[in-house]
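J.: For what it's worth, the working numbering labels the leading residue of the sequence shown as 1, then goes sequentially.
Just so you know, these hints were derived from the structure itself, not from any lab.
Warning: the hint list may mix true and false statements.
[What the hints assert, rightly or not] Now the in silico label distances, taken between C-beta atoms and shown as ranges:
#1 Asp240 with Ser195: 46 to 52 Å
#2 Pro247 with His90: 43 to 49 Å
#3 Glu334 with Phe24: 27 to 33 Å
#4 Lys342 with Tyr25: 41 to 47 Å
#5 Ser195 with Asp164: 37 to 43 Å
#6 His203 with Asn133: 19 to 25 Å
#7 Ser195 with Pro227: 49 to 55 Å
#8 Lys224 with Arg341: 15 to 21 Å
#9 Gly220 with Tyr25: 41 to 47 Å
#10 Pro227 with His185: 37 to 43 Å
#11 Lys146 with Gly30: 19 to 25 Å
#12 Tyr250 with Phe112: 41 to 47 Å
#13 Phe112 with Val134: 33 to 39 Å
#14 Arg144 with Gly220: 53 to 59 Å
[What the hints assert, rightly or not] With a cut-off of at most 25 Å between alpha-carbon atoms, the simulated PhoX-like pairs for lysine-lysine come out as follows:
#15 Lys224 with Lys342
#16 Lys234 with Lys211
#17 Lys224 with Lys146
#18 Lys283 with Lys234
#19 Lys213 with Lys244
#20 Lys146 with Lys116
All residues carry an ideal CB built from backbone N, CA and C; glycine is no exception.
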Amino acid sequence: MAHSLKFTSKITTIERHILEEQRFYPEATGDLTYLLYDIALAGKIIASHTNRAGLAEILGQASGEVNIQGEVVQKMDVFADQTMYRLNDHTGRLAVMASEEHEDILPIPDEFPKGKYVLLFDPLDGSSNIDFNVSIGTIFSIFRRKSEGDGPGTLEDCLQPGRDLVAAGYLLYGASTMLVYTTGHGVHGFTLDPSVGEFLLSHPYIQIPAKPKYYSVNQGYERKWSPGVQRFTKYLQGMDGDGKGLPARYVGSLVADFHRNLLSGGIYYYPGEVADGGKLTGKLRLMYEAIPLAFIAEQAGGYASNGWINILDVQPTELHQRVPLFIGNRDLVETAEVYIRKYDEG
Numbered sequence: 001m002a003h004s005l006k007f008t009s010k011i012t013t014i015e016r017h018i019l020e021e022q023r024f025y026p027e028a029t030g031d032l033t034y035l036l037y038d039i040a041l042a043g044k045i046i047a048s049h050t051n052r053a054g055l056a057e058i059l060g061q062a063s064g065e066v067n068i069q070g071e072v073v074q075k076m077d078v079f080a081d082q083t084m085y086r087l088n089d090h091t092g093r094l095a096v097m098a099s100e101e102h103e104d105i106l107p108i109p110d111e112f113p114k115g116k117y118v119l120l121f122d123p124l125d126g127s128s129n130i131d132f133n134v135s136i137g138t139i140f141s142i143f144r145r146k147s148e149g150d151g152p153g154t155l156e157d158c159l160q161p162g163r164d165l166v167a168a169g170y171l172l173y174g175a176s177t178m179l180v181y182t183t184g185h186g187v188h189g190f191t192l193d194p195s196v197g198e199f200l201l202s203h204p205y206i207q208i209p210a211k212p213k214y215y216s217v218n219q220g221y222e223r224k225w226s227p228g229v230q231r232f233t234k235y236l237q238g239m240d241g242d243g244k245g246l247p248a249r250y251v252g253s254l255v256a257d258f259h260r261n262l263l264s265g266g267i268y269y270y271p272g273e274v275a276d277g278g279k280l281t282g283k284l285r286l287m288y289e290a291i292p293l294a295f296i297a298e299q300a301g302g303y304a305s306n307g308w309i310n311i312l313d314v315q316p317t318e319l320h321q322r323v324p325l326f327i328g329n330r331d332l333v334e335t336a337e338v339y340i341r342k343y344d345e346g
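Construct the entire structure; sequences and hints are all you get.
T.: Following this line, the structure appears as structure tokens:
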């Protein structure tokens, strides 16, 4: 007698989820699917090394080397950067890559075919915290190439606004390893099950809670902020408005702070600083940090701004362009814009 099997629970691996998302793209060839697989694999490898960094003697600085951002390179920065590049340089899916760690674009080697996608990444955001066991992460964004043909990709392929994104996401290495990504049809989070080595869907269709819980900012730099940002911070503390303030939570690792607020509600901001001559300068990288996280925030019902306009509408002009960033609950980010327009313009 035949018996039919009935499954009462559904375990969704990242592979299954990405394949199911292909239904949104009837013209899909599978290249984006496999590219996301390769990024997930890179995340597993990087997570394995960060989890045993002390034992493997790979903590600390890489011989005092300084990257294009003027930051001391950590050993894990180098490893994560090489892992992301080597897993994607030969597949035929990419035209060009760019990394926060390198001054120029990263071409695909001549011996390998060139594809239709462009990958930009911050290989290890927050790496200065790794010696202290603070959560760190990898941020990535994917565009379609703009250049014609199947030759090498160009700088112009990399300098695209956030509105042109195909996909974006991040990997968070902490108490557990998570991959959060979007292809423009909602934000989904996966947790790595170390017993089977698979990312399993744990947070489907993430939406930022309507009621914010925290604000996240490094107030050690408050003296360098514009009057509008200072007044906005007072508002968040309940000292300029209805008196209902928010508690502050700040780790100092962008991915960790953003991830907490994505799940709990709130705002993260790294405002521009008033430099000599009154010029306002940003700190975070537009291409490697602000744009991909802005895309995720918008897909989760939030908003990201440089204080004046939507981050996704900013036209990049440089590979390592820096911007102020306000990101999280839409109403809080829009309130920041109101304060900046009121106190900083004119």
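J.: Look at each hint and say if it fits the structure.
T.: Now the hints, each set against the structure:
The beta-carbon spacing between Asp240 and Ser195, approximately 50 Å, falls within the hinted interval of 46 to 52 Å. Roughly 48 Å separates the CB atoms of Pro247 and His90, a value that falls within the hinted 43 to 49 Å. For Glu334 and Phe24, the Cβ-Cβ distance of about 29 Å falls inside the hinted range of 27 to 33 Å, so the restraint holds. In this structure the hint that Lys342 and Tyr25 lie 41 to 47 Å apart at CB holds, the actual value being about 43 Å.
Between Ser195 and Asp164 the beta carbon distance is about 39 Å. The supplied range of 37 to 43 Å therefore holds. In this structure, His203 and Asn133 meet the distance hint of 19 to 25 Å, their C-beta atoms being roughly 23 Å apart. Separation of Ser195 from Pro227 is about 53 Å and conforms to the stated range, judged on CB atoms against 49 to 55 Å. Under the hint 15 to 21 Å, the C-beta atoms of Lys224 and Arg341, about 20 Å apart, fit the expected range.
Range check, Gly220 to Tyr25: about 45 Å between beta-carbon atoms, so the 41 to 47 Å window is met. Roughly 40 Å separates the CB atoms of Pro227 and His185, a value that falls within the hinted 37 to 43 Å. Separated by about 22 Å at the C-beta atoms, Lys146 and Gly30 satisfy the suggested range of 19 to 25 Å. For the pair Tyr250 and Phe112, the beta carbons lie near 42 Å from each other, so the given range of 41 to 47 Å is met.
Separated by about 36 Å at the C-beta atoms, Phe112 and Val134 satisfy the suggested range of 33 to 39 Å. Arg144 and Gly220 have their C-beta atoms about 40 Å apart, which leaves the hinted 53 to 59 Å range violated. A threshold of 25 Å between alpha carbons decides the hint, and for Lys224 with Lys342 the separation of about 18 Å falls inside it, so the pair holds. Between Lys234 and Lys211, the direct Cα distance comes to roughly 19 Å. Compliance with the 25 Å bound is thereby established for this hinted pair.
Restraint check: the Cα-Cα separation between Lys224 and Lys146 comes to about 39 Å, which exceeds 25 Å; the hinted pair is violated. With a CA separation close to 22 Å, the supplied pair Lys283 and Lys234 stays within the 25 Å bound. At most 25 Å may separate the alpha-carbon atoms for a hinted pair to count; Lys213 and Lys244 meet this at roughly 11 Å. Between Lys146 and Lys116 the alpha-carbon distance is near 9 Å, which keeps this suggested pair within the 25 Å criterion.
The structure fails to meet hints 14 and 17 from the earlier list, while all remaining hints are met.
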